[in-house]
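Student: For reference, the chains in residue letters:
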Amino acid sequence: NIHEKKIEAINPYVRLVEVTEDDTDPEKWGINWPREYDSYKKTAIATKTRFGGHGGSEAMPAEKIERDPWLKRMFLGYAFSIDYRDRRGHAYMLEDQEKTLRQTKPQSGSCLHCHASIMPLYRKLGNGDATKGMEESYKYSYQDLSKMLHEMGKAFPVSCVDCHEHKTMQLRVTRPAFIAGIQRLADSSAPVPHLPSVDLWRQGDRKQKYHPNMDASRTEMRALVCAQCHVEYYCAGKQPLTFPWGDGLKVEDVERFWNNSTFPDGTHFYDFAHEESGAKVLKAQHPEFELWSQGIHARSGVACADCHMPYMRDGATKVSDHWVRSPLLNISRACQTCHKFSEQEIAARVDAIQERNYQLLQRTARALMDQLDAIEKAKKEGASDNQLEKARDFQRKAQWRLDFIAAENSMGFHAPQESARILGEAVDYARQGQVDAFNWRGVDN
Amino acid sequence: NIHEKKIEAINPYVRLVEVTEDDTDPEKWGINWPREYDSYKKTAIATKTRFGGHGGSEAMPAEKIERDPWLKRMFLGYAFSIDYRDRRGHAYMLEDQEKTLRQTKPQSGSCLHCHASIMPLYRKLGNGDATKGMEESYKYSYQDLSKMLHEMGKAFPVSCVDCHEHKTMQLRVTRPAFIAGIQRLADSSAPVPHLPSVDLWRQGDRKQKYHPNMDASRTEMRALVCAQCHVEYYCAGKQPLTFPWGDGLKVEDVERFWNNSTFPDGTHFYDFAHEESGAKVLKAQHPEFELWSQGIHARSGVACADCHMPYMRDGATKVSDHWVRSPLLNISRACQTCHKFSEQEIAARVDAIQERNYQLLQRTARALMDQLDAIEKAKKEGASDNQLEKARDFQRKAQWRLDFIAAENSMGFHAPQESARILGEAVDYARQGQVDAFNWRGVDN
Amino acid sequence: MTQILTSVFVGIFIGVGIYTFHYAEGLSYVSTEPQVCANCHIMRPQLDSWQKSSHHKAALCVDCHLPHDFIGKYIAKADNGRRHSTGFTFQNFHEPITITEKDSRILQKNCLRCHEPMVQDLVMIGQTDSNTTYCVRCHEGVGHGERVGLGRMDKNDK
Ligand SMILES: [Ca+2]
Ligand SMILES: [Ca+2]
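Residue numbers (this note's numbering), protein chains in the order written: chain A, 1 to 445; chain B, 1 to 445; chain C, 1 to 158.
Chain A on its own, in the form it takes in the complex:
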């Protein structure tokens, strides 16, 4: 009965309280938008799928580096080998960051960029200029900045104000490192068929930098708000937080960007020196946005929010489900509007994709472990740094690719062919490194 529902729904946006740029507390926003807030709060519920989330009864999510010991070995010499767990809901982001044993090593204040509703603090650090504030933040230790955050009032995980403009509730991005990163991408000539607004901007006079809040379409914004955090980064003490998109978003584009980077002190860019092999390697972190960008969904205008925050019916209105979580827990809403197959069939398709990816990932990991063994052996046999240079270079390439897919959180789903291609390259490099390590005597340098 349409008429009755019309009346019931007439004014969903009565505001009971005013909210401002400084209101990081979601509860206050929740007074105006209780439906979204109610679902938002559910991100504190533990959920689990075959590869997603965390559903154990333990207080902390399962330890990835115990489940897959090759991860631990791959990260030897870096904090990720100490503690690296399954992700879980947004409600935990701040707590999990505070508790991780990676904090037993010095971490930079920039870590908070993606784990807290941080903008007021950035503005404070930068005397009103958030970008400046962000650029300062890496100089602080995590502990110092975290203390400042807590002293400013209650510290919150990602909150309404991070994604919404408070007057109109339109989507907007806030994170300075993301804005710098996406501008770097726009300024490049890397093809971005999935971001038509970038192409449009490139055709214009370019007097003003590309800015999502001005230029991007609503569909794009439904992905870009997530791309503020679900991306590869550099976040440590040598330079400000960096999103490496100056050469494009593909795994080899990002690699090139890092390879061509130098730290402010002039030294060549790397994340850590591998404890066993001595190779100076890169660390990949959750490149969801980058991998999604290579997939068919992105090209078809299907954004993160379409699958991870699908509309749900709540009485007479439809709202976005702010319980951001695995779409596999919600197939009917997340997939079936577009794919007219049964839930069971859709689940089976995802499983087929993830299973292929998982098997190839494990295969690649074995190759990398074999390569590490080979380097160990060569070292024992007396190979010099020079003689190991090629093998180490292969390790850097292989590990970068393997980690890219291991750290990405969809187990290949966001771009199945691309993931498999990346792993295929990784296997090749790892095994070539193994060959070179065996042949260290033949390497004349």
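It should be emphasised that the hints constitute simulated quantities derived from the structure, not laboratory data. As the structure is a prediction and not an experimental result, all values here were calculated from the model. Careful: at least some of the hints might be erroneous.
Using C-beta positions, here's what the derived DEER-type ranges look like [what the hints assert, rightly or not]:
#1 C:113 / A:150: 28 to 38 Å
#2 A:105 / B:256: 43 to 53 Å
#3 B:165 / C:113: 46 to 56 Å
#4 A:165 / C:116: 18 to 28 Å
#5 C:129 / A:34: 24 to 34 Å
#6 C:75 / A:202: 32 to 42 Å
#7 B:256 / A:87: 51 to 61 Å
Partial pick of chain B residues on the chain C-facing surface, computed with a CB cut under 8 Å [to be verified]:
#8 313
#9 330
#10 333
From the three backbone atoms N, C-alpha and C, an ideal C-beta is built for every residue, glycine too.
Since the structure of chain A is already known, use the hints to place chains B and C with the ligands on it.
Tutor: Just chains B and C with the ligands now, kept in the frame of chain A:
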């Protein structure tokens, strides 16, 4: 002109001549169905896409083994290293088979199974029983059987009677080796989500063997008629033509089937011994049906004919375009019925998929060549057969997978993630073989 | 009935000056009757698929495809009428038939016409061009079930 078109549509099947099981001449059928025949004849037109077809001005298609010398080296010791060209339209199938220099080696009469309208000849050989006839055919030399075919009247490439039941024009399959193969698949327990009729049959009493012409749905038939030929096979002088689906359709299922096969004389199955390395390896031929089976299109009920023989409107009636060819020459009809993106965008998507696959294919080929070099070297250094056993086994595995994707004709499109996975495995095996060949001294047997 | 329709449509093809008028007249005369659209066999697949769609009891072709303000309706009819009938006469249109951008916007307005209350929360954020939530991005099938194009054979009929 509505009225005229309506009438035109009323009786598209007025028969001017009767056609029978023995009418292999398409021209006769063309009298009844001129629209289909007209388009059928166009398969004689030369066409070319980036990876598909043949469009040179030469009389014969380009030589694959010259364009990619690694193919030649991979096939050393086998007829494919003599002559292996791009495919082209159906009109040429018989001629190209007669002309190939692979005929300078003895070939079996079974070759005709997929290159000629062969059923009357099979019936003759089997005294009315086509299956028996087919099972005899491998004992004849190609030359002898070809001669018999030509003597029975004009010899034709695949013709109407091969796919259509002449009374109702319904689709049907005719090829005995295919029927035996698909029955082997039905009898197994390999999952076949894309062939629901097999699942249905499996749940039944199984008193009668699965038979496509009785059991399959129309959608399935639109793929199975093609699966009579676009499949991996064994076709030589040691046993009847075999379609290897007893363990399933995946690359490793087929490998297992061959690995567990023995020839009638009791020896272990292989296609040829590699001239350089001595490895006893397998040859993969055009596994279009097998690869398509792993893709999302197959799972969604999208059959070969949907893309390669899309409907075209001819006045008020719809006919299937019998100009079987690359869908990329016909994107609007072949793809846009289902995908609402511009032709340019669809072409770009296919190109992105094919380009990834192409690069990975070439990478895998380099790995295999490196492995062959390593075995050469080991042999020169004095490695024994025993010491090379592991390396050769890796070659067999790697080459099988590489060839599976190289011989498949869609450059990965029919199942992009699966193709990349297969190549990923191939690289891994080739490089492991390389390691083992380098280490031949360490291998104690 | 068929007689009348046929003459209306034959009239359409007479001349540029008057066919537009006739087409518009003819349609408005029987505008709630989807058969009218499908009388033109080109529209047959859409009729068939509409009959199998979730909306076939809720909305007719014109409810979704024509504007509902008085003037807009006639402009659109004249415009579409010209394009469709010349397309039909000369058989020179792109196949499969695809909705034009202009008609997409009409369609969108019509979704909202019926469903605005339910989707208020999402549309209040903005319905300017780059800000629109196009309903068909997710609900492509509401009017026609599966994609139709030239008309795909049923999956399971033998
Ligand atoms: Ca990183
Ligand atoms: Ca074979």
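Student: Are the hints correct? Go through all of them and say.
Tutor: Verification of the supplied hints:
Take residue 113 of chain C and residue 150 of chain A: their Cβ atoms lie about 51 Å apart, and the range 28 to 38 Å is violated. Checked against the hint of 43 to 53 Å, the C-beta distance between residue 105 of chain A and residue 256 of chain B comes to roughly 48 Å, which is consistent with it. For the pair residue 165 of chain B and residue 113 of chain C, the beta carbons lie near 51 Å from each other, so the given range of 46 to 56 Å is met. A C-beta distance of roughly 23 Å is found between residue 165 of chain A and residue 116 of chain C, which places it inside the suggested range of 18 to 28 Å.
Between residue 129 of chain C and residue 34 of chain A the beta carbon distance is about 31 Å. The supplied range of 24 to 34 Å therefore holds. Taking 32 to 42 Å as the suggested C-beta distance range, the pair residue 75 of chain C and residue 202 of chain A conforms, at roughly 36 Å. Separation of residue 256 of chain B from residue 87 of chain A is about 38 Å and departs from the stated range, judged on CB atoms against 51 to 61 Å. For residue 313 of chain B, the interface hint holds, since its Cβ comes within 8 Å of a Cβ in chain C; the closest pair sits about 6 Å apart.
With a least beta-carbon distance of about 11 Å to chain C, the hint placing residue 330 of chain B at the interface is violated under the 8 Å criterion. For residue 333 of chain B, the suggested interface contact is upheld, since its CB lies about 7 Å from the closest CB of chain C, less than 8 Å.
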